[in-house]
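Number of protein chains: 2
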Amino acid sequence: MKKIALEGTNVFADGAIKKYLIHDSPYFKIINFNIKGGETFPVHAHNLEGQLSMQVLAGTGEFLGKGETAMPAGPGDILISDISEPHGARAITDMRILVTIAPPI
Amino acid sequence: MKKIALEGTNVFADGAIKKYLIHDSPYFKIINFNIKGGETFPVHAHNLEGQLSMQVLAGTGEFLGKGETAMPAGPGDILISDISEPHGARAITDMRILVTIAPPI
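Residue numbers (numbering that gives the first Met the number 0), protein chains in the order written: chain D, 0 to 104; chain H, 0 to 104.
Read the hints as simulated data drawn from the structure, not as lab findings.
Copies of the same chain look alike in the list, so a pair counts if it works inside one copy or between any two.
No more than 27 Å apart at the CA atoms, straight line, and that leaves these computed lysine-lysine pairs for DSS-like:
1. Lys1 x Lys17
2. Lys18 x Lys1
3. Lys2 x Lys65
4. Lys17 x Lys65
5. Lys18 x Lys35
6. Lys65 x Lys1
Based on the sequences and whatever the hints tell you, model everything.
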């Protein structure tokens with residue numbers, strides 16, 4: 000049992016995406032990405048079994064999917080996606096997302 | 000791929016815990032518990048493989064563990080626990096938590 004404070008990884012970098020590994024185990028991996036406003040976490044997919052959740056902690060932007068798919072994304076919004084399905088995110092303002100991947104990749 | 004808004008389950012009940020299933024799949028289960036201030040999500044454990052994350056979305060309280068274990072818990076705090084390890088939560092103010100269980104139980 001361990002406690003982690005996401006406030007500890009509330010750091011942004013100009014023109015970039017900061018990545019913080021919050022937790023990793025045989026069961027799931029949890030990563031905090033802080034995407035500077037205007038930046039895009041590129042759409043990608045892995046040919047693997049499993050799913051991920053992508054939760055907006057702060058800021059606004061869009062969840063991205065296959066082709067031109069884009070859904071408004073703000074605090075409290077969660078995207079569920081297969082790992083094998085194209086997924087990404089675009090930040091309008093500085094945007095923090097928490098990604099949980101099961102099983103971990 | 001689907002999007003869920005946690006704002007849609009921001010509901011509390013006097014003297015009780017509201018439970019909303021956010022997502023369920025062979026890979027993980029995501030549940031939102033809204034615990035009225037003063038209420039306790041009792042410490043419990045299941046004799047199963049796997050882990051869970053318990054993330055505070057709003058409100059303050061304590062993460063509970065084995066015996067007298069209690070850790071302050073506020074927005075952005077995450078508890079990681081084995082499913083087989085005693086875990087629970089106590090709300091001081093109205094407290095929303097998001098629990099992700101992998102694999103689902």
